[in-house]
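Chain H is already provided as a structure; the job is to place chains G, V, F, D and A on it using the hints.
Chain by chain, the residues:
Number of protein chains: 6
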Amino acid sequence: MVSMNYYSLVLVVVALVWALAAVAGDPDILGDFIVPAPMVGMPPTNITSDFFTYTDFLAAKEYMPWPPQYFIVIKANMEVFPALNGQSVSYDMLVFPSRYVNPPHTHQRAAELLFVQSGALSVGFVDTAGKLYTQVLVAGDIFVFPKGLVHYQYNQGPNPATAFSAFGSAAPGTVNVPASVFGTGIDDAVLAKSFKTDFWTVQKLKAALTPPPK
Amino acid sequence: MVSMNYYSLVLVVVALVWALAAVAGDPDILGDFIVPAPMVGMPPTNITSDFFTYTDFLAAKEYMPWPPQYFIVIKANMEVFPALNGQSVSYDMLVFPSRYVNPPHTHQRAAELLFVQSGALSVGFVDTAGKLYTQVLVAGDIFVFPKGLVHYQYNQGPNPATAFSAFGSAAPGTVNVPASVFGTGIDDAVLAKSFKTDFWTVQKLKAALTPPPK
Amino acid sequence: MVSMNYYSLVLVVVALVWALAAVAGDPDILGDFIVPAPMVGMPPTNITSDFFTYTDFLAAKEYMPWPPQYFIVIKANMEVFPALNGQSVSYDMLVFPSRYVNPPHTHQRAAELLFVQSGALSVGFVDTAGKLYTQVLVAGDIFVFPKGLVHYQYNQGPNPATAFSAFGSAAPGTVNVPASVFGTGIDDAVLAKSFKTDFWTVQKLKAALTPPPK
Amino acid sequence: MVSMNYYSLVLVVVALVWALAAVAGDPDILGDFIVPAPMVGMPPTNITSDFFTYTDFLAAKEYMPWPPQYFIVIKANMEVFPALNGQSVSYDMLVFPSRYVNPPHTHQRAAELLFVQSGALSVGFVDTAGKLYTQVLVAGDIFVFPKGLVHYQYNQGPNPATAFSAFGSAAPGTVNVPASVFGTGIDDAVLAKSFKTDFWTVQKLKAALTPPPK
Amino acid sequence: MVSMNYYSLVLVVVALVWALAAVAGDPDILGDFIVPAPMVGMPPTNITSDFFTYTDFLAAKEYMPWPPQYFIVIKANMEVFPALNGQSVSYDMLVFPSRYVNPPHTHQRAAELLFVQSGALSVGFVDTAGKLYTQVLVAGDIFVFPKGLVHYQYNQGPNPATAFSAFGSAAPGTVNVPASVFGTGIDDAVLAKSFKTDFWTVQKLKAALTPPPK
Amino acid sequence: MVSMNYYSLVLVVVALVWALAAVAGDPDILGDFIVPAPMVGMPPTNITSDFFTYTDFLAAKEYMPWPPQYFIVIKANMEVFPALNGQSVSYDMLVFPSRYVNPPHTHQRAAELLFVQSGALSVGFVDTAGKLYTQVLVAGDIFVFPKGLVHYQYNQGPNPATAFSAFGSAAPGTVNVPASVFGTGIDDAVLAKSFKTDFWTVQKLKAALTPPPK
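These protein sequences, in sequence, are chains H, G, V, F, D and A.
Going by the numbering used here, the first residue of the first sequence is number 1, and it counts up by one from there.
Going by the numbering used here, the first residue of the second sequence is number 1001, and it counts up by one from there.
Going by the numbering used here, the first residue of the third sequence is number 2001, and it counts up by one from there.
Going by the numbering used here, the first residue of the fourth sequence is number 3001, and it counts up by one from there.
Going by the numbering used here, the first residue of the fifth sequence is number 4001, and it counts up by one from there.
Going by the numbering used here, the first residue of the sixth sequence is number 5001, and it counts up by one from there.
Extracted from the complex, chain H is given alone in its bound form (with noise of 0.2 Å):
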């Protein structure tokens, strides 16, 4: 049963409303930070330096497998690491084994720009004219890949590579190409007819990208 007295819950709901409310006049946010949600009938949460800060890549580094047996993302966005919301940025952090592919995909909200920390990568990626521009980056390079465009990035060497890339949006969002297209159960009729190509291609992509019944 809700013990709480009405009048603390009346309290509790508009103080949440106001709250949020300050967060979407401006484009920006309207205060230093956006603090998460105080638990309803509990004392206001202690912001420390703690929420600040962000330890998953540390614990990534010491507990992956070396060298690296697949590819992995590990995020530092808004949804992990919550006092991005309102900051409009975030990070990634990438890791090829040797000759493995990040698949070409888009992002919604941001341009990526990468780092390479380890290793080497060949990257590209195609403007809205079908242009397509590659790069091969050794440790220390810089590389951007403009926002909304098909871009790929891919481990040619017998090396791992590491990388970080950077966004410009604590939530730049993910379409990953063959995964949306060949892996949803969009009509076969549909694809044949988009790629040019028979039903037999197109089942046989979507048997390897269909994700298996859980």
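In short, the hints are calculated from the structure, not lab data.
Backbone N, C-alpha and C define an ideal beta-carbon position, used for all residues, glycine too.
It cannot be assumed that every hint is accurate.
With the C-beta cut set under 10 Å, the calculated list includes, among others, these residues of chain F facing chain G [unchecked claim]:
(1) L3094
(2) P3097
(3) Q3108
(4) R3109
Quick look at chains G, V, F, D and A alone, frame taken from chain H:
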């Protein structure tokens, strides 16, 4: 007479352009509308109501063979209709012959609000969690494709279909997925690994989707 | 009586607050789309493709007497079509009987991009320098009314006219000039001085434009 | 010597201007302030603190007859005070003789925050639901007119009134309702139907509000 | 005990969430103004014109001893004047006794447009290139402090000075430099190295600027 | 030959630049990326993938003496890496010798997301309520400094430290607090009053922080 050196002029113009490239003022335009560049040394352009009128949809309808033979998109965006610059809105007119598809694509800068004027369309989009939303639309229906997500339209029926799409940007941008991925020369290894398929399939798709050299 | 558990309520409110907080950080939404508020204590709303579909234009066409008897505006904005929230686009369908006018008005939050579907319309807008731009549009024509300026449409001809207007906002807003000025009780002296006229004329206009008490 | 053809230069400049018209960078300016265009072929403008200072309010006060004879608006916006470009703020100084009105108008790009410095003002605005909000303000009072809504100020009393209005845009824009509607040549039939009145009344209002030919 | 009906609570929360969701989609608010949170289970707040009126400047003037004894800032921002929420504008009233200073500070979210109402002020700001701009302002002068830069105002003269500052944000924010740097407990070594001075000077400044424990 | 008068050309270019200075279009760029100004009279710049690649971090690492002798910041922002223009993201590489500090500063246009690559850093920021948040970061840790607030980093340990900072703007801007306040010639009286100290202390700080004349 202009007596300045050629290279000085180049430097001055480049400096001006760079200075401006960093300029945005308020987020929106700071006047009623954006006047196209007046001609150098000529009297200022005389803006009339024709500047705000666009007649290519009408022209297209009158001269288009019926039933249509190809999938056609006629755009009313700021590239062809300069008055839209700064007004954050544009239209596409879409004409689908029977059995034709508008292949999976994204718009980087706007959601698409599609109105079916005649015929019927099977449409779909995929959200970033990999869920496919499909719908069969008839004349009079409206459907919204959220910003940045992969979507398609398909005229499954025996008759032509026409539709209008509104966008919340004067330059929504389009990334055609099959053409971007298989029609731009991305390395076969990247594509084979990304689509979890063999080189033969990649080459077959590239052959179908790569535009012929001009 | 509220029979839900205290901790369930806490979780529900926290979830709501987090969902909303994520909507406001960056200028645009930070997800694919905005899900309507899940019901308290019930399973999360099951979003289907119907959520992205709007059928009131179709319904209106089927049940509207023809020829139409009144000037009719059917809106497809976020108030009636919640999926538009955060997508920055909306539609109006306008139906004009012969000799009917859509009175001078402004939209505070968007330009209007009008497409004439059938019939003909005389349209106009006034820029902030006091210059009137008028145009006669026929079926197939497009016209843009710049953001925030006073504009009108008028069906001068003997036949009905239908048009669609796209807006670069999910909630463009409308300020109807005659109703705002003469139908809201503004003091007679203010209006007489503003319109440089006499009290009798003001009172006559107010009588015509003030809505009857409900 | 510049040896390029005149028409080539025209084309180059036009191309640059069109390219730039589409350029916005980040939503706000990307520097401390926007420097006015340096003169071609001259040394860069020497920006001093005078660039950030505006003295026309002071000048107006010194040379204005008192009591004032007309309603006067002195603007401190980016057109007359270029340092405001990109700073999203501006002022108006308003001087009302006794019994004078600032007629119903809207600002497309900003709310207005009015501070009454001396005298008293009757003010009002109408929301989009058609509700009128009126207030009598005395010296020292502040009132906010929300963005884009029709509003007016009226000095009902026997003494002059002065006020300052702040706007959250360097170029808020003004649409004067009586002048826009009755002073620009909109067709009599459109106005008669819109205001539900007769041609005679329309012509009388037009005669009063149409500026004399220059 | 919460005695409201389960379905009422659902409706109230859903209404609140919808109200808020509408605030965040487009960069600006999507309504005329933001209504403060209606009380849960009570009739909707009756918004009157008093909601848009702010009288604390008037009250301050009436009750302030004259000449003033301290530097005083009275704010009219959205924290104390909720109608400003979403309207992107606010005011400060500044009262300077003779020889008083408003110490170096920044506003994170807005430029400041200062109008000197009475007396005179010496003002200055520093751009990011380290150039100081100073000006002596007299009553009637306006000065703009660009967004985010360090600035101060100083009343050098024998008489009090009053000024009004407009901001292009309803919540401009203030970072007081002396208090932030020397009044918050930053490590002595950090401060000594940053200011290229000795521990004794740092401790002296900290002693002067650290607020006493409450 | 260009036969127009020199002053006419100046006027035309100035007019164009002023017209453009007010132009912002949609809040973001309206193309894939911003191409640097093509040379006047030359073929359009041939944009290659090198335009999107930045190698100064790599170069810096190779040529920097180790251990480092000074605190070094290498920037990858739009000033030195033009492809970032319009992409709303940038990087800084920070190299700290043992016992070196990055003095208290603010960024006007972005939050800072710091990743410690090697060594350890003591960091802190002060919110607008005057609360100091401090943290000791080790290699692999991430910390966010909210937008516009005063912050510092300090390498307390015996070894060098390197870090990368991502910003959600291509031009975040930096206001160095000690240099802005004590190194720019602000009047001694203003500083003495602001820091509640004596002229001798102000002059000592100014002597230490004022850059030598060039």
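Numbers of unmet hints, in rising order: Checked against the structure, the hints that fail are numbers 1, 2, while the rest are satisfied.
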